[in-house]
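Chemist: Chain by chain, the residues:
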Amino acid sequence: MKPTMVFSRTPGLKDVVTSYCPGCGHGVAHRLMAEVLVEMNALGRTIAVAPVGCAVYGYDYWNFDTTEAAHGRTPAVATAIKRVLPDRLVISYQGDGDLASIGMAEIIHAANRGERITVIFINNANYGMTGGQMAPTTLAGQVTTTTPEGRDVSQTGYPMRIAELLATLPGVKFSARGALHKPGLVRKAKSLIQKAFAIQDAGTGFSIVEFVSLCPTNWGVNTLQAVEMVEKDMLKTFPLGIFKDEQVGGKD
Amino acid sequence: MSETVFMKGNEAMAEAVIRAGCRFYFGYPITPQNEVPAYMARRLPETGGTFIQAESELAAINMVFGAAVAGARAMTSSSSPGISLKQEGISYLAACELPSVIANVMRGGPGLGNISPSQSDYWQSTRGGGHGDYRTIVLAPHTVTEMVELTMDAFDLADLYRNPVLVLSDGLLGQMMEKVIFPDPEARKKDGLLRGRPLPPKDWALTGAQGRAPRFIRSLIMKQGALEEHNFKLAEKYARIEVEEPLAESLACENADIMLIGFGTSARVAKQAQLMLAEHGIKAGLFRPITLWPFPSEQLATLARKVDRFLVIEMNTGQMIEDVKLVIARERSLKEVRVELLPRPGGGVPFPEEIVARAREVLK
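Chains S and X, in that order, are what the protein sequence lines are. Take the first sequence: its position 75, counted from the start at 1, is 77 in this note's numbering, and no numbers get skipped. Take the second sequence: its position 270, counted from the start at 1, is 271 in this note's numbering, and no numbers get skipped.
Since the hints were made in silico from the structure, they are not lab data. Treat the hints with care, since some could be wrong.
Below, simulated DSSO-like cross-link-like pairs (lysine-lysine); rule was C-alpha separation at most 30 Å, straight line [stated by the list, open to error]:
{"hint": "1", "chain 1": "S", "residue 1": "K16", "chain 2": "X", "residue 2": "K203"}
{"hint": "2", "chain 1": "X", "residue 1": "K307", "chain 2": "X", "residue 2": "K326"}
{"hint": "3", "chain 1": "X", "residue 1": "K203", "chain 2": "X", "residue 2": "K224"}
{"hint": "4", "chain 1": "X", "residue 1": "K224", "chain 2": "X", "residue 2": "K307"}
{"hint": "5", "chain 1": "S", "residue 1": "K16", "chain 2": "X", "residue 2": "K224"}
{"hint": "6", "chain 1": "X", "residue 1": "K234", "chain 2": "S", "residue 2": "K16"}
{"hint": "7", "chain 1": "X", "residue 1": "K180", "chain 2": "X", "residue 2": "K203"}
{"hint": "8", "chain 1": "X", "residue 1": "K234", "chain 2": "X", "residue 2": "K190"}
{"hint": "9", "chain 1": "X", "residue 1": "K224", "chain 2": "X", "residue 2": "K191"}
So that you can see chain X by itself, here it is in the shape it has in the complex (with noise of 0.2 Å):
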């Protein structure tokens, strides 16, 4: 059964945490994700779970490493800096190919920046983030309904691919308070990302070698040929994630004046503005990537062929705009069409308004 409430987006996502089945927590304070480690301290011991309240953000990522070597499923929250710190443990558990999942509820930076809503570790996340080759599987929420969907996915995600998924979240939707409806967890995996697929069996866990021979988990890989072996081995799983799991929202796009494009908050805003778009006659549609890796470029590409102004609007200078350009550009020539952008970094939040008078200007 889906159950509707009113509630915190922060508050809501570490509910769907305990409602994905999973019950070791480890969190960090850093605001503006400071509900979740509180929600958890009070609801995880009510179920059975743990929750650690790590003495660094390093502690933290490296006891969801322990928790998903033993087989657990295990989280951890953070926001911007905290996820930096984060970012070596980020990258021991795509060597080892441990499902787990991070979720940055992103502030402004860099450095200390601000507590401000911010969608400046797009970079960040989309291309790895830590040391050496791999990548995370990115899934960005824009309502808190959304927040709960994602984050029950990911833990699919991450178990069906033996990956780190962060969720991708930001100051706003994490510290709103809306209609939130949770998905009874069972139907979510048929209607969810998971498309109903089985998981695999967690046959690596370390668990005691009690009647079968002891098995290991690393990511140092000296012999001669060895790791470059198993670099391919995961650009293989990440070409099968970049086959399966692209997925975008988009909405009266199809030979749109203009095609309003962006993720999280600024696609929440940017919807506004569609409806006030069209107010002015002006057809705008809207792209909206839901995976930010694997980016839904097969989506935009079909889209882009019928379409020849393009707005993308995000918390930063310009992050997404760069694999937004390299699909349009596979399909139309930069010369003929024109991909602007609208840019609020610093925690800055654009009202609808800006991007109507953008878009406007756009399409002069």
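This is chain S alone, in the form it adopts within the complex (with noise of 0.2 Å):
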């Protein structure tokens, strides 16, 4: 019997090893958002933005046209490629820190003016890239480096829930949060991915997918206890869902 292929690289991400740690989420959500755009026949008009976080170095390993941003600046940048090029596809790949601390007001205001843009957002529930300190998405009484007690909410605020709150403004009109922690919910991340980019391709408005992923060097624990982590602890706190669904041909 002659062999068949069933699996193999994407020819949407680079042959190349990334920096992530092992069991990392941020892979699987380049491959997925690859593969999206490998079946959408759009990675000769993709044009993403990176953030600054450990995704930084997005344009090593994706397959298409990519710019850096200032940390938090990245849908200010996002949307300004996509008004000079409104017939690409413009994705601001960021995480909870660059998204929901110091680019709050970028990624509300993009939302709120309905930019026709995705935004892929990684939440891992801290700062990745500088040591695993505390993000507004951090769990109460988790600890990080800058919460050593386990996050008090009675001084440094509650998780943040972006998809939630984005879903409460007009110019969205896609709002999901999916996991990447398991091969169901990896299926399903794909299709929200899916979704929002055809939002963006129907140029109704704002997409936005948020990813519950997992951090296990900075969580300090090796990547089973990272999955049971996160099924345990942060999906109680971020329960997946479509929060806002305008898709042309209705919901889901």
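Both chains are sitting in their own frames, so use the hints and assemble them into the complex.
Modeler: Listed below in structure tokens is the structure:
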């Protein structure tokens, strides 16, 4: 019997080793994003904006045009790229420090203007690149380098639910949260990206997909424990689901 | 064809941006530059362009970054406190070598200061302003017509060198109305600072990788030695600009009794003082840097050989005078010649009579 290729590297990613830690969710998110672009035959019309954070080297891994942006300014940069080149697919790829802390003004206003961009938002409940500080998404009680006794919400506030928050804005046409730690969820995650990109191509408004991700290194656990932590702790604070879907043709 | 109209400085500058072929403007309200976003909001859509009132100066300068990444001519304007906020973005624009134009209609500082005309951002503008080793080309008009011309030139120089260019005016030039001559944009490419040089293709812009390898634009350069190499490459470009681009106006400086030195509004007032000094029988020269960076050092150095008294007029506590002294000290001993200052910080604008009085004092 002739062997059949059932799985291979996607041409949407470069054939390189990433700098991500074992168990990190970025690699899965990158692959899903790249696979969808390949299926849409959109690699040649995609322009991505990489954030400051672990995904800053996006251009080393992604096989499409990519620019860096200053910390948190990613949606502002993506806004202008899309305004200059409205027929391109523009992706703002961001982490939780970038998007939910320093870049809160930029994300809210890009969303509120209904910019025809797609945000892929990686929520791993801490600042990964700088060694595991508290992020706006850090869970109550979670230990980070800047919450050594665990996050005290009476002093530092509560984890921010970005997908729910942005869903309240009329300019946002698609807002959903998926996860990357189980095969079934990975398949669903891919469908969320497909929907978000379809919204962008329809030109109706802003789309965002938040992914609950894993950061075993900075959480101080191994990969299996990290999966458990996502399942047990993170999904309680960050429930999965589609919070808004105004795709032409109805819901889901 | 050139066109003569009666127009306000800020609006004339905004019109010049459009005539220079820029279709992407991103602004945020701050006095005394509010006429620029207002003009753009009305005019840009008529020309098929895009105006966005950004959520902040930070967002505005980063939208300029995005538009430049995509290969478009892009611009933002603000006034001193807002320009401070843009410095992060300007550093990134310089690092990524993205052509861009930033107009600073200066007001009094530091802090919130006031909304009166000022020149207190000379250091910030000419020393980079943000973090890291970089330079921005700084053009300083002294009339509304020149504001128009230099704004057009700014886009050409930005494209020529792949560098941010600042148009540094102030609340007086921005708010005043006077006769304005709009040059023909094509003629200006020959007569202006571009001097007819061809503009390089934007073969680095991100447009989607259809039919070519993907491109990237970045300023994080972590490989051992690579950032040092990048910084030296930028420094080479800056050195080339320092040779090619310095520009100043000099009026009757040869063998003058005293040389008045100022830029922008200060120079405009000094021109009046120059005429008044002539009535007193004093031969006053006037030296007006038009490019503040690169500073017109060679031109000043040559003229400084035959003049013994210098009066620097600045609407700040004395910033450009440091560059002036550095240049004069190359040619003359500062013990033999006098380099004096007439400072008007905090929104003060000098009267010609003040300059005349101070010049006569320096000549005693």
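Chemist: With the threshold set at 30 Å, check whether the alpha-carbon distance from K16(S) to K224(X) stays at or below it.
Modeler: 19 Å, holds
Chemist: Has the given pair, K224(X) with K191(X), been kept, meaning a C-alpha gap of at most 30 Å?
Modeler: 42 Å, violated
Chemist: Verify the proposed pairing of K234(X) with K16(S), using a straight-line Cα cut of 30 Å.
Modeler: 28 Å, holds
Chemist: Is K16(S) close enough to K203(X), meaning Cα to Cα at most 30 Å?
Modeler: Holds, at roughly 25 Å.
Chemist: If you draw a straight line from the CA of K180(X) to the CA of K203(X), is it 30 Å or shorter?
Modeler: It is violated: about 36 Å lies between the C-alpha atoms, which goes past 30 Å.
Chemist: Hint check: K203(X) vs K224(X), CA-CA at most 30 Å. Holds or violated?
Modeler: 26 Å, holds
Chemist: Tell me if the straight-line CA distance from K234(X) to K190(X) falls inside 30 Å.
Modeler: Between K234(X) and K190(X) the Cα gap is close to 27 Å, so the pair holds against 30 Å.
Chemist: Is the Cα-Cα distance between K307(X) and K326(X) 30 Å or less?
Modeler: 15 Å, holds
Chemist: For the pair supplied as a hint, K224(X) and K307(X), is the alpha-carbon distance within the 30 Å limit?
Modeler: Violated, at roughly 51 Å.
Hints 4, 7 and 9 from the earlier list are contradicted by this structure; the remaining hints agree with it.
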